[in-house]
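Read off the chains here:
2 protein chains.
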Amino acid sequence: MNKKDKILIIGAGLCGSLLALRLAQRGYKVEVYESRPDLRKVDISAGRSINLALSDRGLKALRLCGMEEKTRKICIPMYGRLIHDKEGNTFSSNYSGRENEYINSISRGDLNAILLDEAEKHENVNIHFNKKCKKVEIEKNIAHFKDYETKEEFPVIADVIFGADGAGSSLRKSYISERKFLFSYSQNYLNHGYKELEIPANKQGNHQISKDHLHIWPRGDFMLIALPNMDGSFTVTLFLSYDEGKYNFENLTSEEKITEFFEKEFPDALSLIPNIKEEFINNPTGALGTVKCSPWYYQNKTLLIGDAAHAIVPFYGQGMNASFEDVFVLDEILCHFEPFDKLKTGSSREIFDWKTVFKAYQKARKKDTDAIADLAIDNFHEMKDHVANPLFKEKRKIEMDLEKHFPMQYFSKYSLVTFKENMGYKKAMDRGRAQDKALLNLISGDDISTSLDMTKEELEIVLKKVIKETNEILKEDKIAGL
Amino acid sequence: MNKKDKILIIGAGLCGSLLALRLAQRGYKVEVYESRPDLRKVDISAGRSINLALSDRGLKALRLCGMEEKTRKICIPMYGRLIHDKEGNTFSSNYSGRENEYINSISRGDLNAILLDEAEKHENVNIHFNKKCKKVEIEKNIAHFKDYETKEEFPVIADVIFGADGAGSSLRKSYISERKFLFSYSQNYLNHGYKELEIPANKQGNHQISKDHLHIWPRGDFMLIALPNMDGSFTVTLFLSYDEGKYNFENLTSEEKITEFFEKEFPDALSLIPNIKEEFINNPTGALGTVKCSPWYYQNKTLLIGDAAHAIVPFYGQGMNASFEDVFVLDEILCHFEPFDKLKTGSSREIFDWKTVFKAYQKARKKDTDAIADLAIDNFHEMKDHVANPLFKEKRKIEMDLEKHFPMQYFSKYSLVTFKENMGYKKAMDRGRAQDKALLNLISGDDISTSLDMTKEELEIVLKKVIKETNEILKEDKIAGL
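Chains as they are written, first to last, in the UniProt record's numbering: chain A, 1 to 482; chain B, 1 to 482.
Please note that the accuracy of each hint is not assured.
Copies of the same chain are indistinguishable here, so a pair counts whether it falls within one copy or spans any two.
[Unchecked claim] With a straight-line Cα cutoff of 20 Å, these simulated EDC-like cross-link-like pairs (lysine to aspartate or glutamate) come out:
| no. | residue 1 | residue 2 |
| --- | --- | --- |
| 1 | Lys-478 | Asp-447 |
| 2 | Lys-393 | Asp-378 |
| 3 | Lys-292 | Asp-370 |
| 4 | Lys-60 | Glu-256 |
| 5 | Lys-355 | Glu-250 |
| 6 | Lys-468 | Asp-370 |
| 7 | Lys-134 | Asp-147 |
| 8 | Lys-134 | Glu-178 |
| 9 | Lys-359 | Asp-243 |
| 10 | Lys-173 | Glu-69 |
| 11 | Lys-437 | Glu-149 |
| 12 | Lys-29 | Glu-152 |
| 13 | Lys-135 | Asp-430 |
| 14 | Lys-180 | Asp-110 |
| 15 | Lys-478 | Glu-458 |
| 16 | Lys-180 | Glu-244 |
| 17 | Lys-420 | Asp-378 |
| 18 | Lys-29 | Asp-5 |
| 19 | Lys-264 | Glu-118 |
| 20 | Lys-363 | Asp-221 |
| 21 | Lys-478 | Asp-446 |
In case anyone wonders, no lab produced these hints; they're calculated from the structure.
Turn these sequences into a full structure, and let the hints steer you where they fit.
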């Protein structure tokens, strides 16, 4: 570790640009190579607005880099889910019983742009666009790029290479193809794909449905969701099986069948999506995959970060947040080791090198990114199905009451994952799952009162039972794991 | 599906040869290509005897093919674990409280040989050795082979191709490289590798330690095990971390250090392994990986089976058994669909094709092979660590008593997995894990008596509590999963 080290970051997406910014702030020399054109100059999404949910873990990392305020300006707060049934009735389900806990709809492109702008303000950062990484020679620390404009191929040598090149990471592929070490790797696809559609703004440029919610049309085996954009439109996403069920992506091939499907399942949404047929036929069907791997690093040379290390499905709204939190955790590790490095004694120079940093980073981080990957799959089932289940609704009702009346004592699984940004995902998952299990079993066994309007005293009894049962579950799991 | 279909099986190992035998018995025309030489003619293990544990699921499949009797003749029954501590003290722990429940040590080579002999008795089977599959064009049903003797490459076209080509399956690699469909895939390595050593027979050609046991030297983070061979020797396997702990494969590089390690950790074993230094240095260190993937089939053309579809770590002694059970389950599916096929009406011809068989097979089988993969990892921790844990030992003691006195009512997780060959691995895992959790929590909470000599009446009370608690756990898990 040396501030003179030449650092190469592959990818200037959300993670790569935040990482570049943070390393530049720490004084490192950073070169960034991105395969796509500069999204601030070219509209690469071709008119499609892709939005994401930004929440407290992402904001924590943005705050570290001094980017919170600028980011907040392009955020649309979403305070809960608005659930639409087949008859067009809606009911809302807040994300938290505490005030000021909400998630934010944000444009991927706009956020990426302000991060690139900020990174480029630093003299020690250079960002190169239209340069596609073809492979990395991990033993030699050489990345090979192709320039999409000149068609030329050229190598870049660096002291350290970060692969922030997303779910299809070429650094990760090089780990697999070079076979220099035992690389554990998984790619798991859901049987569902997704397709984006649009609810445009009304004539006044305003949102046609509540912009304060994430909208869900849960239908058990599939669902539609919608997130608001700043221009008054909503980006709508259909999650549907490729080949199972009466309607699926393989058989929805005619305009008639598409209309029939939406008329039957999502009549209220259909009336808001004027170009449904064109969009359904022309927009691509995307796959939903989870990638896990280990180790993320090779010696003191390379590190995978963000989606390149852990791509997840979108259902917890945590993909970007987890990648930003990667940068936060890596920064903590650097804070820990850099002072030792400055001592520059013969032995410490060797001990506190990049390998030490990478190893400590993976040890601190891997269990948490594994957890959010699993939580995201859980939430797929929750969103498309459970949100409409009476027992689940009862649980959420109690949780909102507990959070409202005992804001310092009760945090639902959703709150632990989304708003407790200083608790790791793994701990949030373990505690959250045990708590859900406790609550669901207490409700179904009639062990707690679930009357509509409980007094604070009654709620306190519920709280104590839930905490006791949750701790019991955690204790029993621990004993069973010996 | 047609008895005139030309079936190609890649691989004549344990799974490939049993599959060839069974398909031949069902009347199919089968061509088998194997990369290695004929192990009945060439000693390919170069003096190393590799043995495996054969148990009831494997025997069930062998019975189906009329091979049980021949197999039993080359089996050495192992009735339990014999656990060795550092001082050379031993204690035994039976695999079951029921009589006649035991596992068998068997030579991989000998078993493979009798299966090849039996398969070749059928006119409709041809086995070709020294033919290595390089890749499969899955769209065209063409497998490409290289002849290791003539060095020539040649294609084989078939109506259906089975990949029984093991953990490094070339058919599976072709699924990945051809990218014709979304292929979920994982390879996960343990941080431990393994190395084989040998305890030779004594001068009289007899076993030097009990041949009725699987021997374990559990040391928490690593372990040594030994299985008996027919010639009086034992094959010993060291399972040790590559790079963690005081002693590991990376730092055990000198004869002095190897001896120091064994003197300190396995003094009784050391005295029985005369060629330890040569063997340790010359024998390869093997990796321990788990492979899962999905789908196993491509259209009506190809199917992965055995280790090619689901390679697992060896700690439950179920790798071969699971592969043999694959053949049993596939046979059941064929039994179900073949009669329809014989009707040969226009529409049924299309419905009951190989794709229908493959899809039904994977639906029936995948959850079970996923389960045994996870159980095998559990058992790694059990064998190297838990077997020496007082709470765990108490649990096993009670389980042996329960199985002995209530042989029709109680089955430990080990028994469900190993001896209940008609219950799928998934069900065995779910029930077995819940039961372990119930027992461990009842013992640690002093909710059941664990006195040394319980009367049958006292044991019956224990049994009832365990069953009640197990069912409660399963019910609560179900509610929590909504």
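Now the hints, each set against the structure:
In this assembly of identical chains, the alpha carbons of Lys-478 and Asp-447 lie at most 20 Å apart only when taken from different copies (17 Å versus 24 Å within one copy). In this homomeric assembly, Lys-393 and Asp-378 come within 20 Å of each other (Cα to Cα) only inside a single copy, at 16 Å, whereas the closest approach across copies is 36 Å. In this homomeric assembly, Lys-292 and Asp-370 come within 20 Å of each other (Cα to Cα) both inside a single copy, at 7 Å, and across copies, at 17 Å. Proximity of Lys-60 and Glu-256 under a CA criterion of 20 Å is satisfied in neither setting, with 47 Å inside one chain copy and 52 Å between copies.
In this assembly of identical chains, Lys-355 and Glu-250 lie within 20 Å of each other by CA distance solely across copies; the values are 17 Å between and 47 Å within a copy. Proximity of Lys-468 to Asp-370 under the C-alpha cut-off of 20 Å is found in neither arrangement, the shortest distances being 27 Å within a copy and 34 Å between copies. With identical chains, the CA atoms of Lys-134 and Asp-147 are at most 20 Å apart within one copy only, with a shortest distance of 10 Å there and 34 Å across copies. Proximity of Lys-134 to Glu-178 under the C-alpha cut-off of 20 Å is found in both arrangements, the shortest distances being 13 Å within a copy and 19 Å between copies.
Proximity of Lys-359 and Asp-243 under a CA criterion of 20 Å is satisfied inter-copy only: 13 Å between copies versus 42 Å inside one chain copy. Taking the shortest Cα distances, Lys-173 and Glu-69 never come within 20 Å of each other, neither inside one copy (37 Å) nor across copies (49 Å). In this assembly of identical chains, the alpha carbons of Lys-437 and Glu-149 never lie at most 20 Å apart, being 55 Å within a copy and 61 Å across copies at closest. In this homomeric assembly, Lys-29 and Glu-152 never come within 20 Å of each other (Cα to Cα): the closest approach is 25 Å inside a single copy and 53 Å across copies.
For a Cα distance limit of 20 Å, the shortest separation of Lys-135 from Asp-430 qualifies neither inside one copy, at 38 Å, nor across copies, at 43 Å. For a Cα distance limit of 20 Å, the shortest separation of Lys-180 from Asp-110 qualifies neither inside one copy, at 39 Å, nor across copies, at 35 Å. In the homo-oligomer, the alpha carbons of Lys-478 and Glu-458 never lie at most 20 Å apart, since the shortest distance is 31 Å inside one protomer and 28 Å across protomers. With identical chains, the CA atoms of Lys-180 and Glu-244 are at most 20 Å apart between copies only, with a shortest distance of 19 Å across copies and 40 Å within one.
Proximity of Lys-420 to Asp-378 under the C-alpha cut-off of 20 Å is restricted to the intra-copy arrangement: shortest distance 19 Å within a copy versus 32 Å between copies. For a Cα distance limit of 20 Å, the shortest separation of Lys-29 from Asp-5 inside one copy, 7 Å, qualifies, whereas the shortest one across copies, 64 Å, does not. Taking identical chains as interchangeable, the C-alpha atoms of Lys-264 and Glu-118 are never at most 20 Å apart, the minima being 48 Å within one chain and 59 Å between chains. Taking the shortest alpha-carbon separations for Lys-363 and Asp-221, only the inter-copy value of 18 Å comes in at or below 20 Å, while the best intra-copy value is 37 Å.
Taking the shortest alpha-carbon separations for Lys-478 and Asp-446, only the inter-copy value of 16 Å comes in at or below 20 Å, while the best intra-copy value is 26 Å.
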